[in-house]
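Chain by chain, the residues run as shown.
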Amino acid sequence: MQNRPFALIGVNSDDLDRAQAAVRENNINWRSFQNQPEGRTTSISDDWLLYSWPTIVVLDADFKVRYRGSDCDEATAITRKLVSQLDGKTTEADGQ
Amino acid sequence: MQFKILLTLLTSLLVSQASRAQDTRSADDRYQALVAEVDVANEQWNARVAELRAAEKRGGDPIPAEAFQSPLIPFVPRFDAIAHEYAGTPDAIPFLTWLAQNALPMVGAERKAAKDAVRTLVTTHRTSPRLEDLEWMVGRLDYFYDEQQAMKVGLQLEKESPSPKVRAYATFSRVSATINKAPVDSETFRSAKSEILTVLDGIEIPDLASAVKTRIKMRENFSLGMTPPDIKGLDLDGKSFALSDYKGKVLFIDFWGDW
Chain A
291 MQNRPFALIG
301 VNSDDLDRAQ
311 AAVRENNINW
321 RSFQNQPEGR
331 TTSISDDWLL
341 YSWPTIVVLD
351 ADFKVRYRGS
361 DCDEATAITR
371 KLVSQLDGKT
381 TEADGQ
Chain B
184 MQFKILLTLL
194 TSLLVSQASR
204 AQDTRSADDR
214 YQALVAEVDV
224 ANEQWNARVA
234 ELRAAEKRGG
244 DPIPAEAFQS
254 PLIPFVPRFD
264 AIAHEYAGTP
274 DAIPFLTWLA
284 QNALPMVGAE
294 RKAAKDAVRT
304 LVTTHRTSPR
314 LEDLEWMVGR
324 LDYFYDEQQA
334 MKVGLQLEKE
344 SPSPKVRAYA
354 TFSRVSATIN
364 KAPVDSETFR
374 SAKSEILTVL
384 DGIEIPDLAS
394 AVKTRIKMRE
404 NFSLGMTPPD
414 IKGLDLDGKS
424 FALSDYKGKV
434 LFIDFWGDW
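Residue numbers (the numbering used here), protein chains in the order written: chain A, 291 to 386; chain B, 184 to 442.
Everything labelled a hint here was simulated from the structure, so no lab data went into it.
Think of the CB as a built atom: it goes at the ideal place given N, C-alpha and C, for glycine as much as any other residue.
Hints should not be assumed to be uniformly reliable.
As the list claims (entries may be wrong) - Label pairs and their in silico Cβ distance ranges:
(1) B:Pro345 - A:Asp361: 40 to 46 Å
(2) B:Gly431 - A:Glu364: 19 to 25 Å
(3) A:Pro295 - B:Ile256: 51 to 57 Å
(4) B:Glu387 - A:Tyr341: 35 to 41 Å
(5) A:Gly378 - B:Thr410: 23 to 29 Å
Bound conformation, chain B alone (with noise of 0.2 Å):
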């Protein structure tokens, strides 16, 4: 049994080797050269798109879905090919943040892969300034770890990352479901505002603030229990009211569009 496994590994590591020696270019033009390729899958699937457009405004057919499928998926088992073959290795590193930035809207194995490749970058590579391309990633850990290894991670990456950016990040990330979850009256819930206010002070993120001073702003001023202001308005016939009009019923408040 041991042997069989031992044999598996073997095969595996010799056929990765193999595959990589048939490719003597460096690992930043091999990516430059699968760009390219992504670059012009994209132009001709625009194009392709745009055309159909114009014969269905013309009367024709209407599109079928598969022409909105992403020109990216064929590049996903590529990308991840590549970043297989150098891991461990800074030269990972770029094919690892294509997959995050590219892969992770998608379904299935290609969305499997760009976890996968993100929770490579915070873990193996924690302490590449890349990581500032992962932003919101690295500020949502607990959407690819549990919340248990999700603070780990994030503990290790506001240690040891050189970049204040992906710190500020990932102290977001391990403050976040304090912020969102504890009775703001507690004291976990003051410390934690508290903690992520005072890193926000220190850098110029400005997305990150606004986000989290919002959803501040929301935990203290709309949680369950709490009395959000008085609406006045006008109803759809232009004629104006208040909502508090209605204190003492139990009021059902759709907040509803025709879409």
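Isolated chain A (complex conformation) (with noise of 0.2 Å):
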């Protein structure tokens, strides 16, 4: 998914010190939220009225809602399709 109109943003629930240790342990590369850092009233899934975790959410370009659960098989081909239709470069892979 490199150099394609795509990003994989993550929002943790951990305190700070086990997140960034999960980070160093499991080499995770991609940018995260703390879900609720100190000073901040409300947490990030509360907003998002998630209860439940893992959850994964998939927004289109216009930052529309396109897949809220946690089957990580399914979000990812919502994703690969919606990259697909945005860089016009739909693959036969890329359908799978």
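The task is to assemble the complex, starting from two chains supplied on their own in separate frames and drawing on the hints.
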């Protein structure tokens, strides 16, 4: 997905030390929000009405929700299709 | 063939009558005695698990998975058998309620017994005030029936239950699918929303009211095709950024944790 109109963003629910350790140990190379850093009155998950973890949300280029759930395969397939539609590079592999 | 079926039915009836005849206590006494046995089993189980935990902490063997098996499992067939003895009478209700409340999280035959108990309670005993103890089970009839049957049973409860609480949960059960799936700008969604909110306005069930309002809010604000609120916050290095910085790209947002 490199150099394509796509971004993977995390929202992490752990305390900061634990989250940073997980990033180091698992070589996580995408950027994550802290779900509720100190000083924030509501958590991101509350603002987004998410009550189960893990959850995946896919937004299209217009910022509209195209997937919300916990099925990684389905979310990935929808993402691939949207990216392909966006950059006009629909390939057989992308359609899978 | 018909004779064989008749004979089987007659035999099971005689066996049931015989076992009932052996126990001369009232249904209530039998229920209290069984519940007392459950309490003892629970206490023994808790003590045993605490003992194993302490031994593990001292460096002993890890606790075997079987040790965590519910002590209630052996009681399920006993409650079930007595519920069958009193089938069709109000005396069965406490035994069925116990099964519904305790055996549903179990698996296999125990869960089946619990589901059967709920089905019997919401149909045969639909006018019993004890149905108030089932709460979410009445509100989730789709868990116990197919869609059409859940609708039928729900409507019957709404019509015949003397309990406003049970009727409210039954209404919730009936409109849930619409609230969950119908397009939010459709008349069916608006009508279901209005119906359940009206029911909840007239009765004090804070948990259900909160769950319904959250569900509606979620559908109205966060359905497929809708725009969620932007996220502005800090990354794990403490640097601020916003999700809208990535507008124009497809975003795969993973709500994750190191569990």
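Hints, verified against the model:
1. B:Pro345 - A:Asp361: 40 to 46 Å: About 43 Å separates the Cβ atoms of proline 345 of chain B and aspartate 361 of chain A, which means 40 to 46 Å holds.
2. B:Gly431 - A:Glu364: 19 to 25 Å: holds (23 Å)
3. A:Pro295 - B:Ile256: 51 to 57 Å: Since proline 295 of chain A and isoleucine 256 of chain B have Cβ atoms about 54 Å apart, the given range 51 to 57 Å holds.
4. B:Glu387 - A:Tyr341: 35 to 41 Å: At 23 Å between Cβs, range violated.
5. A:Gly378 - B:Thr410: 23 to 29 Å: Between glycine 378 of chain A and threonine 410 of chain B, where Cβ atoms are some 24 Å apart, the hint holds.
This entry does not satisfy hint 4, going by the numbered hints stated previously; all others are met.
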